[in-house]
Amino acid sequence: MVSQMQTEVPEIGASGLARFAWRQLTSMRTALILLMMLGLAAIPGSLLPQRPQNPMAVRQYFLDQPGFARWIDRAGGFDVYASSWFSAIYILLFISLIGCVLPRTFEHFKSMRALPPVTPKNLEKLEAHSVFIGDGNDLERAEKWLRKNRFRLRIQDGSISAEKGYVRESGNLLFHLSLILILIGVSVGSLFGMKGSAIITTGERFINLATSYDSIDYGKLTNETSLNTFSIKLNKFVGTYDPITNIPLDYSAFVTTIDELGNERDQVIKVNSPLTFGTSRIYLQANGYSPFVTVRDEIGNVTFQGAVPFLPQDTNLRSIGSIKVPEASPQIGFVSSFLPTYERDPEMGAISVYPLLLEPKLLFSIWEGDLGLDTGIPQSIYKIDTTSMTRIALDSLAPGKSYSFKGGSITFEKVEPWINLQVVRDPGKSYSLIGGILALLGLLASLFGRRRRIWIKVDASGRVEVAGLAKTNAAALEEEMVRFVSAIKGEK
Amino acid sequence: MQTTWAYISNNFIYSAMGVFALSFFAHAFETAWAVKVPAEGTDSRKMDYSKADKAARIATALMLLAFILLFVGVIARGLSNGHVPWGNMYEFSITGALAFTGAYLVALRKYDLRWLGLFISLAALLTLGTAITLLYRDSAPLVPALKSTWLVIHVIAAIISGGVFLLSNVIAGAYLYLDSRERAGGRPAWATRLPALDVLDQLSYRLVAFVFPLWTFSVIAGAIWAESAWGRYWGWDPKETWAFITWVAYAAYLHARVTVGWKGRRAAWLCLFAGSTFLFNYVYVNVWGTGKHTYSGL
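Chains as they are written, first to last, in the numbering used here: chain V, 1 to 492; chain G, 1 to 298.
In case anyone wonders, no lab produced these hints; they're calculated from the structure. Hints should not be assumed to be uniformly reliable.
For lysine-lysine, the following DSS-like pairs were computed, each having C-alpha atoms within a straight-line distance of at most 25 Å [stated by the list, open to error]:
1) V:K125 <-> V:K110
2) V:K144 <-> V:K401
3) V:K164 <-> V:K414
4) V:K270 <-> G:K263
5) V:K401 <-> V:K148
6) G:K110 <-> V:K471
7) V:K457 <-> V:K414
8) G:K147 <-> V:K236
9) G:K263 <-> V:K471
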């Protein structure tokens, strides 16, 4: 896993050395194979639909190829990144990484405290070797230059050993240790985090309770008692669109929030700027329209009243939805679609041509019978199962208008935007971020740091001898030696 | 105003394509003139290559001109819609071609890579040709999710990394080709003046080692942005997955080289594999993929 394994071999005899090198090399091979396997194992998850990201597509896959899908599912192919084999690979990889990095970290600390090696007898064979006649104060000037350049020194009688560039190995170890920190961050997030979403229509207030959510998932070691207290009231939602291409330019949700301490604040949520309450962040995820309707029975009693969120189907926010009136007898359902800017297309029928409310229209067919709400089977709020119902009427309404049918009436009061809030709590993400930044710094140090030794020896006759040894980048050492020598000679 | 800048941009892109084509021909002439097979017994170093040298200088000058034209084209595209020109695949492609030729021109200052110019000009030409014919979209504003400073940071790091990865791939490819020819008896005449195999091997590695931290940075910047835009910093979106695969492949490549001591053919194949994961991410995930990185058609 860690580079330059062989360069750090302590002197432990030829056979010990061979054994040491062999063991390191094989563990390195294993780590490398695991690393490549991890890359390959990630591939199926990008080609097959994944349950956490796209459950609808997985369902479709099961419908299209039921036999094949069952086998893929058994192999964890629809949730690759949580599958046992994917986990096995990265856990093994991290064990191999820890097994490699920890001993090296101790070794590195030890060797950082140790003095540089004693000046060798023969400097001629080393790199950038040069000899010249000094003036007697060469060692002092050399020491001063080396200290200024933050070399670590071993002062000996008539010579100095200097060493620098541990940053390379430090960076290397930091990089690998930081990867462990990222993994810790990911685990903390998945164990103690939560994620939920809720739709609120303009004028409504969201209170952070488990029951307020349309859907909510907790980490394995947490539950609804961990939800912190805050509330968000949607005052206004503004979508801005390019008038030529209809592309959305900006979504802004103007909200009033109350935090744990009861402080009330007016804030704006945008796509790239979520709200923060402690470790929870609130994102603006989607938006659409909620028609407000009132349904009355034949003698004028209100059987249903309220905002019904409709689900957008295209970029011009043609939306579908259903209005279910279980209170009526027999039960009534409105299979509806809503068009913010209505237009009649000769081929496609009723369409919306712009996402803003320029000519809003609610289209519906009225069904009478059993809504099937008591069967226990979960139903989509946007759809009605009309198998045991009969259609009794078909019409469309503009806001403020009513329509009477056999058995009652429906009034389309007004329409307001809704937003989908996504609430995410990830207590591990700061670990991952710090891990990521440290990994990057470590990587830079390990790739661009260079370790080298410099020696200077002065004998009784005033003959000065210098040489160096670079573990990487010999050219840079040559340049450094030139500067070193000119510093000794007192040249500027 | 919008359409004027877009119009100007298109004209500059077309001009850049024209000049890339000229540069390609100049490189072709250079290669042709440089392919003087020395007669038996004569020293190839004593032959007159001045014509080839002149062609090489013209070709490089044309490449630089094309780069400048392309640069203006990319800037004008940005001005046409008031944001950095990375809103869709057409804009990525023209910026990618810019980064690729830029990486080549920068590397040229340090190494004599003019022999590569033939491939580079052709690759730039093909990229721009594909972009303007198949991928072209009218200049449009950014969707809200893309409105972030991170767009600039994340995408510029990714594009530069991509340009350098691909350059390193071209060199690794050249290595494999020349190596197989040398094994089969010798280089073809036109390739005799290309650098020695070990120089190519080192160069391809150096480029990767240099740009790997930048790619790492691009992934981290993407994660930070994803946290603020989508509510999670990592979600195994296809683009993220393939960025991860590319990262792992290059990490394996660096380890194989530095630690296990891989060199030559094996290293070059691994380099090509890693680079192809980057290309796959760019082409497959943008065109056929689903997920959060698909915007505005392409």
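For each hint, the structure was consulted:
no. : hint              : in the structure
1   : V:K125 <-> V:K110 : violated, 28 Å
2   : V:K144 <-> V:K401 : violated, 92 Å
3   : V:K164 <-> V:K414 : violated, 75 Å
4   : V:K270 <-> G:K263 : violated, 50 Å
5   : V:K401 <-> V:K148 : violated, 85 Å
6   : G:K110 <-> V:K471 : holds, 23 Å
7   : V:K457 <-> V:K414 : violated, 92 Å
8   : G:K147 <-> V:K236 : holds, 21 Å
9   : G:K263 <-> V:K471 : holds, 19 Å
The structure fails to meet hints 1, 2, 3, 4, 5, 7 from the earlier list, while all remaining hints are met.
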